[in-house]
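In case you want the letters, here they are:
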Amino acid sequence: MEFRYTLEDVKSLLPEGTRSAGACGSGVFSGMAPLEAAGPEDISFLNKAANRARLEKSGAGIVLLPEGCEVLPKPGQVYFWLPNPSLGLALIAEEVERKALPRPPGGVHPSAVVDALARVDSSAHIGPLCVIEAGAVVEADAIIGAQCFIGKGAHIGRNTRLFPQVTIAHECVVGADCLLHSGVRIGGDGFGYESGKEGHRKVPQIGRVVLEDRVEIGSNSTIDRARLTETRIGTGTKIDNLVQIGHNCVVGRHCLLCSGVGIAGSAKLGDFVTLAGQAGISGHIEIGSFSQVGGQAGLGKSLPPKSLVTGTPARAFTEQRRLEGMVRRLPELFQRFRDLENRLPKDISAK
Amino acid sequence: MEFRYTLEDVKSLLPEGTRSAGACGSGVFSGMAPLEAAGPEDISFLNKAANRARLEKSGAGIVLLPEGCEVLPKPGQVYFWLPNPSLGLALIAEEVERKALPRPPGGVHPSAVVDALARVDSSAHIGPLCVIEAGAVVEADAIIGAQCFIGKGAHIGRNTRLFPQVTIAHECVVGADCLLHSGVRIGGDGFGYESGKEGHRKVPQIGRVVLEDRVEIGSNSTIDRARLTETRIGTGTKIDNLVQIGHNCVVGRHCLLCSGVGIAGSAKLGDFVTLAGQAGISGHIEIGSFSQVGGQAGLGKSLPPKSLVTGTPARAFTEQRRLEGMVRRLPELFQRFRDLENRLPKDISAK
Amino acid sequence: MEFRYTLEDVKSLLPEGTRSAGACGSGVFSGMAPLEAAGPEDISFLNKAANRARLEKSGAGIVLLPEGCEVLPKPGQVYFWLPNPSLGLALIAEEVERKALPRPPGGVHPSAVVDALARVDSSAHIGPLCVIEAGAVVEADAIIGAQCFIGKGAHIGRNTRLFPQVTIAHECVVGADCLLHSGVRIGGDGFGYESGKEGHRKVPQIGRVVLEDRVEIGSNSTIDRARLTETRIGTGTKIDNLVQIGHNCVVGRHCLLCSGVGIAGSAKLGDFVTLAGQAGISGHIEIGSFSQVGGQAGLGKSLPPKSLVTGTPARAFTEQRRLEGMVRRLPELFQRFRDLENRLPKDISAK
Numbered sequence: 005m006e007f008r009y010t011l012e013d014v015k016s017l018l019p020e021g022t023r024s025a026g027a028c029g030s031g032v033f034s035g036m037a038p039l040e041a042a043g044p045e046d047i048s049f050l051n052k053a054a055n056r057a058r059l060e061k062s063g064a065g066i067v068l069l070p071e072g073c074e075v076l077p078k079p080g081q082v083y084f085w086l087p088n089p090s091l092g093l094a095l096i097a098e099e100v101e102r103k104a105l106p107r108p109p110g111g112v113h114p115s116a117v118v119d120a121l122a123r124v125d126s127s128a129h130i131g132p133l134c135v136i137e138a139g140a141v142v143e144a145d146a147i148i149g150a151q152c153f154i155g156k157g158a159h160i161g162r163n164t165r166l167f168p169q170v171t172i173a174h175e176c177v178v179g180a181d182c183l184l185h186s187g188v189r190i191g192g193d194g195f196g197y198e199s200g201k202e203g204h205r206k207v208p209q210i211g212r213v214v215l216e217d218r219v220e221i222g223s224n225s226t227i228d229r230a231r232l233t234e235t236r237i238g239t240g241t242k243i244d245n246l247v248q249i250g251h252n253c254v255v256g257r258h259c260l261l262c263s264g265v266g267i268a269g270s271a272k273l274g275d276f277v278t279l280a281g282q283a284g285i286s287g288h289i290e291i292g293s294f295s296q297v298g299g300q301a302g303l304g305k306s307l308p309p310k311s312l313v314t315g316t317p318a319r320a321f322t323e324q325r326r327l328e329g330m331v332r333r334l335p336e337l338f339q340r341f342r343d344l345e346n347r348l349p350k351d352i353s354a355k
Numbered sequence: 005m006e007f008r009y010t011l012e013d014v015k016s017l018l019p020e021g022t023r024s025a026g027a028c029g030s031g032v033f034s035g036m037a038p039l040e041a042a043g044p045e046d047i048s049f050l051n052k053a054a055n056r057a058r059l060e061k062s063g064a065g066i067v068l069l070p071e072g073c074e075v076l077p078k079p080g081q082v083y084f085w086l087p088n089p090s091l092g093l094a095l096i097a098e099e100v101e102r103k104a105l106p107r108p109p110g111g112v113h114p115s116a117v118v119d120a121l122a123r124v125d126s127s128a129h130i131g132p133l134c135v136i137e138a139g140a141v142v143e144a145d146a147i148i149g150a151q152c153f154i155g156k157g158a159h160i161g162r163n164t165r166l167f168p169q170v171t172i173a174h175e176c177v178v179g180a181d182c183l184l185h186s187g188v189r190i191g192g193d194g195f196g197y198e199s200g201k202e203g204h205r206k207v208p209q210i211g212r213v214v215l216e217d218r219v220e221i222g223s224n225s226t227i228d229r230a231r232l233t234e235t236r237i238g239t240g241t242k243i244d245n246l247v248q249i250g251h252n253c254v255v256g257r258h259c260l261l262c263s264g265v266g267i268a269g270s271a272k273l274g275d276f277v278t279l280a281g282q283a284g285i286s287g288h289i290e291i292g293s294f295s296q297v298g299g300q301a302g303l304g305k306s307l308p309p310k311s312l313v314t315g316t317p318a319r320a321f322t323e324q325r326r327l328e329g330m331v332r333r334l335p336e337l338f339q340r341f342r343d344l345e346n347r348l349p350k351d352i353s354a355k
Numbered sequence: 005m006e007f008r009y010t011l012e013d014v015k016s017l018l019p020e021g022t023r024s025a026g027a028c029g030s031g032v033f034s035g036m037a038p039l040e041a042a043g044p045e046d047i048s049f050l051n052k053a054a055n056r057a058r059l060e061k062s063g064a065g066i067v068l069l070p071e072g073c074e075v076l077p078k079p080g081q082v083y084f085w086l087p088n089p090s091l092g093l094a095l096i097a098e099e100v101e102r103k104a105l106p107r108p109p110g111g112v113h114p115s116a117v118v119d120a121l122a123r124v125d126s127s128a129h130i131g132p133l134c135v136i137e138a139g140a141v142v143e144a145d146a147i148i149g150a151q152c153f154i155g156k157g158a159h160i161g162r163n164t165r166l167f168p169q170v171t172i173a174h175e176c177v178v179g180a181d182c183l184l185h186s187g188v189r190i191g192g193d194g195f196g197y198e199s200g201k202e203g204h205r206k207v208p209q210i211g212r213v214v215l216e217d218r219v220e221i222g223s224n225s226t227i228d229r230a231r232l233t234e235t236r237i238g239t240g241t242k243i244d245n246l247v248q249i250g251h252n253c254v255v256g257r258h259c260l261l262c263s264g265v266g267i268a269g270s271a272k273l274g275d276f277v278t279l280a281g282q283a284g285i286s287g288h289i290e291i292g293s294f295s296q297v298g299g300q301a302g303l304g305k306s307l308p309p310k311s312l313v314t315g316t317p318a319r320a321f322t323e324q325r326r327l328e329g330m331v332r333r334l335p336e337l338f339q340r341f342r343d344l345e346n347r348l349p350k351d352i353s354a355k
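Protein sequence lines correspond, in order, to chains X, P and A.
Take 5 as the starting number for the first sequence in this note's numbering and just add one per residue.
Take 5 as the starting number for the second sequence in this note's numbering and just add one per residue.
Take 5 as the starting number for the third sequence in this note's numbering and just add one per residue.
The set of hints was computed from the structure by calculation and includes no laboratory data.
Keep in mind that the hints are not guaranteed to be accurate.
[Stated by the list, open to error] Now the in silico label distances, taken between C-beta atoms and shown as ranges: (1) 197(P) - 333(X): 39 to 45 Å; (2) 109(A) - 197(P): 49 to 55 Å; (3) 139(A) - 333(X): 56 to 62 Å; (4) 205(P) - 310(X): 51 to 57 Å; (5) 19(P) - 109(A): 58 to 64 Å; (6) 119(X) - 72(P): 47 to 53 Å; (7) 206(X) - 43(P): 22 to 28 Å; (8) 344(A) - 87(P): 53 to 59 Å; (9) 139(A) - 310(X): 45 to 51 Å.
[Said to hold, decoys possible] Calculated pairs, DSS-like style, for lysine-lysine (alpha carbon to alpha carbon, straight line, at most 25 Å): (10) 272(X) - 61(P); (11) 272(P) - 201(X); (12) 305(A) - 305(P).
[Said to hold, decoys possible] From chain A, some residues computed to sit far from chain P (all C-beta separations above 10 Å): (13) 71; (14) 127; (15) 254; (16) 310.
The beta carbon of each residue, even a glycine, is placed where N, CA and C say it ideally should be.
Turn these sequences into a full structure, and let the hints steer you where they fit.
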């Protein structure tokens, strides 16, 4: 995204009183880049003082450094010291993004198909070719991207943004300040059947999905409606791309669900649970708060809070690593065992 | 979904002659919930007599019980006994759903773009902003949700429902009474290339996809067209969200494919095959009817009918569980082995 | 797809001078099928001379054979010999596809919403109900399928085809001759947060995605924009359905990423890397050119060029196969060990 900031502009975006040193080489800054790739017009950052060697090769015009990392800027460089340099860069980037993608004005694009019985706040933006059905509500300052679908009686909270081509099925609820990326599917039917010899009879899924506030969901992720009541995602939880959450699940607050994760029906997650990429969670189990599940782990049993597990079947990190090490040593064990057998006299015997 | 049923309404939705006991506490029932969460206005169910202890804490107004589970209702509760209580609840839920989501009337929304050479039955409903290309056919009573795409020469069977934003590519066939959720992609090109030192030359995929009748497919699942002939999904097969089925696959009748499953090209599944979540099936193999493949299993070889396998590489359930148990005991085996080595005199030797 | 070719038509589509034998049984050829399913009006092929037994049962009217596979055609059959019969069939199929799906004419469908500040070449085709935002560029001969979204400042190269319902977010770049299937999401935000006790603060993702030329991406795959600079996919790389590529990744030229693959942020792949289905790649690692990663493998460490790994954690193919074999023999090892313990006199002891 394009921007052109002076040193003063940059300074004004950082917390007041941020300490700096060095003399400006470039009059204008127009890019952000990792230290190794950054040039005199780029802003960059170093996250850990321990990695300060990365500074030596960097031609960045501005570098944000962690406090306590006392290094002198090279000629033409300006250094800023902050408690969290990555967050400092984020503050600048937020302004860049705000400028490049200004909030679209309130109003309904003439090509959108909005039912007369939908209620859209006048400050909300409804993009082109959206469909909003009867009884749906879009609250103030919401931004509904192009070609989205909001079904009967669905509810979109204040200041929530849907990127293009999101679908929110009937009666589902999206809280305030949420961010849903393209292709997100909220409220498909849960996968439930009564199975018999003649096949599978569909069990109606008459519940809904509720996303609380500040939930972010990545592209093409899917969350199914509950069979009877609700599938719920807690405030502040962040969900990556291509994640599946089955019907009746309850995900707590501030969880992180990485790409490819699948959670089967009726599972419950506490708060601040992290599921790494492609982890699979069985149905009807509970994961205690602050637990972490490793990438590709297969979890079939409930976990107490603060568990750290990985592997399939999932075990404590330390045990899993130990077992992996032992599997790797199996050839050695087999060999030592053969050696031992060979050393023993054939006629040795117990008793 | 909202409803307000009297006891008589509920009775009329259950099979005739369903036995009941108890006296109605609430005049009206307006919710369904699991036993633990249900109140006097809720309908609930108990699936197994063995779990009858769950009844004690339940305040549900109506409970559907399995026959033979002889428990007296509490004051204000009504109990119904059925062969399959979950199915009984489904009968009521079906009616709730029918009322909340009444079948939309036949006709084409004026915002839809329907080619003059497409043939749409007058009883079919075409939602807003759909695109239907030349030669496509939509049969009677089909419901095409908003913003769907139906390509050249594609065919949608009687009473099939597409939720919003489904794409059916050119020449693909969807049978009768199917249900496709938002984001389903039918008929993308199969992943086929002739590879050489200069790169990968695309092999045209000129076949199609055929879904037989009563197939259900979950949100954002993808089924690729065949290279030459067809990729086929058998009658009554149910597919969950985010499932991938490669080109030329033939999936039998009444299979269950859970979320995250991936089936590589040209694999064949018999009837009533169940693939649990995130299982991966190699290309060109056959899975016999009534087989079950565990979650996250990696199956690289064909299976006879009625196989039960799990793990990567997939093995019989019993063997896999046994091997997992032994891996868990590796630390003990290593220790016992060290002990044994230490117990033996250094100079003992065979012969 | 329908076609009706004479023997002369078929001959004209194969490389000049292709050797043939046999006499035509059918005057017209209207299908392509595998040898076993092919009838007198079908064109088929045999890829390896070693499989020549498959010819015996085949009723195919035309068979393309590998050079050196000297078999006499049956009465009514015509055989052609080519260096690569599969490629030969592809040449015919390409023509079939071209006829069945002729290039749509240049021009913007009247139902599309194209910003006045977008620049669309007059030879490009913009399908119905597309949205193209300000500053976007669509180059000559591009084909944008129905209901696609092209965001602010995005760029679509010459002769690139987007199937229906693809989204290209703001400022992303798609090269020339690319093919993107339905539901592809280019340029969602990367999954990046500053996490603390109060939750997760979004880190703005102000970079972009760049697809170089001749990239193909399957249905519902997702590629996230970079945090600061770019996520890049090299020329000629082919990506299957439901693949996830995280922010800042750099994928080289001519890679093959099979369905279900997930690549975490900032990973780097060389050229001609193959990732089999459902493989998971950790963030910030590098995979050397010409490496192959097996299906469902979990790769957490960088790999030198030409590596062949599989398993979780990923190991060399040969080691992984050996370890899997040893795990399978664990019951035997436990048994032999018990036998040995029992054979030993209880009082034997070292020293």
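Whether the CB-CB distance between residue 197(P) and residue 333(X) falls inside 39 to 45 Å: holds, 40 Å
Supplied distance hint 53 to 59 Å, evaluated on CB atoms of residue 344(A) and residue 87(P): holds, 57 Å
Range agreement (Cβ of residue 72(P) with Cβ of residue 119(X), hint 47 to 53 Å): holds, 49 Å
Whether residue 254(A) stays farther than 10 Å from all C-beta atoms of chain P, as the label says: Nearest chain P Cβ is 18 Å from residue 254(A), so the label holds.
Reported absence of residue 71(A) from the contact zone with chain P (all CB gaps over 10 Å): holds, 16 Å
Residue 109(A) paired with residue 197(P), Cβ distance criterion 49 to 55 Å: violated, 29 Å
Given hint residue 61(P) paired with residue 272(X) - CA-CA distance at most 25 Å: Status holds; Cα separation ~21 Å.
Whether residue 310(A) stays farther than 10 Å from all C-beta atoms of chain P, as the label says: Nearest chain P Cβ is 14 Å from residue 310(A), so the label holds.
Distance restraint hint 45 to 51 Å, applied to the beta-carbon atoms of residue 139(A) and residue 310(X): holds, 49 Å
25 Å Cα cutoff - pair residue 272(P), residue 201(X): holds, 21 Å
Residue 205(P) versus residue 310(X) beta-carbon gap, inside 51 to 57 Å or not: For residue 205(P) and residue 310(X) the Cβ distance comes to about 53 Å; the hint holds.
Exclusion check [residue 127(A) not at the chain P interface, CB over 10 Å]: holds, 21 Å
In terms of the numbered hints stated before, the structure departs from hints 2 and 12, listed from lowest to highest.
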